[in-house]
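Trainee: Sequence:
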Amino acid sequence: MNSFNEQFTALQTRVEQWLPQYFPSIPDDEGGLVVEAARYSLLGGGKRVRPVLLLATSAMLQLPETEAMPFACALEMIHTYSLIHDDLPSMDDDDLRRGRPTCHVEFGEAVAILAGDALLNRAYEVMLSAIRPDRPGTIQAARYIAEAAGSRGMIGGQILDLSAAGHVLTLDQLRVLHGKKTAALLKAAVIAAVLLTQQTSSIHDALQRYADGIGLAFQIQDDILDTTADRLTLGKSAGKDHRDGKPTYVSLLGLSEARRQLALTVEEAKDALRPLLEAGLTIDFLHDLADYFQIRTS
7 MNSFNEQFTA
17 LQTRVEQWLP
27 QYFPSIPDDE
37 GGLVVEAARY
47 SLLGGGKRVR
57 PVLLLATSAM
67 LQLPETEAMP
77 FACALEMIHT
87 YSLIHDDLPS
97 MDDDDLRRGR
107 PTCHVEFGEA
117 VAILAGDALL
127 NRAYEVMLSA
137 IRPDRPGTIQ
147 AARYIAEAAG
157 SRGMIGGQIL
167 DLSAAGHVLT
177 LDQLRVLHGK
187 KTAALLKAAV
197 IAAVLLTQQT
207 SSIHDALQRY
217 ADGIGLAFQI
227 QDDILDTTAD
237 RLTLGKSAGK
247 DHRDGKPTYV
257 SLLGLSEARR
267 QLALTVEEAK
277 DALRPLLEAG
287 LTIDFLHDLA
297 DYFQIRTS
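Residue numbering for the sequence shown follows my numbering, starting at 7 and increasing by one per position.
Please note that a few of the clues may not be correct.
[Said to hold, decoys possible] Cut-off 20 Å, straight-line C-alpha distance, at most; resulting in silico cross-link-like pairs (EDC-like, lysine to aspartate or glutamate):
no. : residue 1 : residue 2
1   : Lys276    : Asp294
2   : Lys276    : Asp218
3   : Lys246    : Asp228
4   : Lys252    : Asp178
5   : Lys53     : Asp92
6   : Lys276    : Asp290
7   : Lys246    : Asp92
8   : Lys246    : Asp236
9   : Lys53     : Asp236
10  : Lys252    : Asp99
11  : Lys252    : Asp236
12  : Lys252    : Asp101
13  : Lys276    : Asp297
14  : Lys252    : Asp228
15  : Lys246    : Asp101
16  : Lys246    : Asp100
17  : Lys252    : Glu263
18  : Lys276    : Asp211
19  : Lys246    : Asp99
20  : Lys53     : Asp294
21  : Lys252    : Asp92
22  : Lys53     : Asp297
23  : Lys252    : Asp100
24  : Lys53     : Glu22
25  : Lys53     : Glu71
[To be verified] Pair by pair, the computed Cβ-Cβ distance ranges are:
no. : residue 1 : residue 2 : range
26  : Asn8      : Gly245    : 29 to 35 Å
27  : Gln214    : Gly38     : 39 to 45 Å
28  : Glu12     : Ala269    : 24 to 30 Å
Don't read these hints as lab results, they were simulated from the structure.
Glycine included, each C-beta is placed from N, C-alpha and C at the ideal position.
Input sequences plus hints: build the corresponding full structure.
Mentor: As structure tokens, this is what we get:
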């Protein structure tokens, strides 16, 4: 796990180095306030799980970092935009994110909305600039990420989440909701790397099963932490899902069973990597990342 931590930190550092270059400051008379607000959220910390996952999967599949990085940073911009909008008073109405005041608290609601819009549009600019006519995988990866962020993915999950408040969902309904809202971008991080490298169907299928598993595991642990962790540790409000009457794995299954389901899901995700090992690929980082999703504390 020490080697995993070192690799994770190294990949985080690379993302932190590239993000400001992909989203630079601009003068005030050209919309600088919106860009300042966007950079406040984009460059204000975070685990960078999605770009790290894309970079790690790409490296395992022997794609040069320079070819993966635009898609990795675009994915983080999309994720950050979703957090800005998710925190708005009309959505989850949160005042803390990544240990700091949320974007709308710091800059006002109107500027926050525009900052999120700017991040989303810049993400598409970055991906479009990385498309190469001789590499069809670049087009496929950009399209996959766009779909994952849209109404059939993350945005669709958000409306399901808002509609679910005060209702009791079945386990299958909850999985569909979070498969879109939370897991879609995590899955996109893995599948984008697969598409960029034009992998065989067996490798694609194995990594799709892995991505499905870690996406579900990430959300189950989120629900557990919302129940068991405090605001300072999380860097965001704790216990909010319960207060808002939102269904979670903990509210549906209980804490003990949610933890058991988390452990099973992580094992299934790791087991999905077996065909990659048989193909001679180095799966250590992705294997340990699944474990990290189970033990993370924020």
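Trainee: None of the hints should be skipped; say for each whether it holds.
Mentor: For each hint, the structure was consulted:
1. Lys276 / Asp294: 9 Å, holds
2. Lys276 / Asp218: The hint holds at about 11 Å.
3. Lys246 / Asp228: 12 Å, holds
4. Lys252 / Asp178: 15 Å, holds
5. Lys53 / Asp92: Satisfied, since the Cα-Cα distance of roughly 18 Å is no more than 20 Å.
6. Lys276 / Asp290: 10 Å, holds
7. Lys246 / Asp92: 13 Å, holds
8. Lys246 / Asp236: Holds: Lys246 and Asp236 sit about 11 Å apart, inside 20 Å.
9. Lys53 / Asp236: With a Cα-Cα distance of about 18 Å, the restraint between Lys53 and Asp236 holds, given a limit of 20 Å.
10. Lys252 / Asp99: Given that 20 Å is the threshold and the Cα spacing comes to 14 Å, the pair holds.
11. Lys252 / Asp236: 18 Å, holds
12. Lys252 / Asp101: Holds, because 18 Å separates the two Cα atoms, which is no more than 20 Å.
13. Lys276 / Asp297: 9 Å, holds
14. Lys252 / Asp228: Holds, at about 13 Å.
15. Lys246 / Asp101: The hint holds at about 11 Å.
16. Lys246 / Asp100: Satisfied, since the Cα-Cα distance of roughly 9 Å is no more than 20 Å.
17. Lys252 / Glu263: 18 Å, holds
18. Lys276 / Asp211: Measuring from Cα to Cα gives roughly 14 Å; hence the hint holds.
19. Lys246 / Asp99: Given that 20 Å is the threshold and the Cα spacing comes to 10 Å, the pair holds.
20. Lys53 / Asp294: 16 Å, holds
21. Lys252 / Asp92: 14 Å, holds
22. Lys53 / Asp297: 15 Å, holds
23. Lys252 / Asp100: This hinted pair holds, its Cα atoms lying about 15 Å apart.
24. Lys53 / Glu22: The given pair, whose Cα atoms are some 10 Å apart, holds under the 20 Å limit.
25. Lys53 / Glu71: 19 Å, holds
26. Asn8 / Gly245: 29 to 35 Å: Once the Cβ atoms are compared, 33 Å apart, the range 29 to 35 Å for Gly245 and Asn8 holds.
27. Gln214 / Gly38: 39 to 45 Å: Given a distance of about 41 Å, which is inside 39 to 45 Å, the answer is holds.
28. Glu12 / Ala269: 24 to 30 Å: Check passed, 25 Å falls within 24 to 30 Å.
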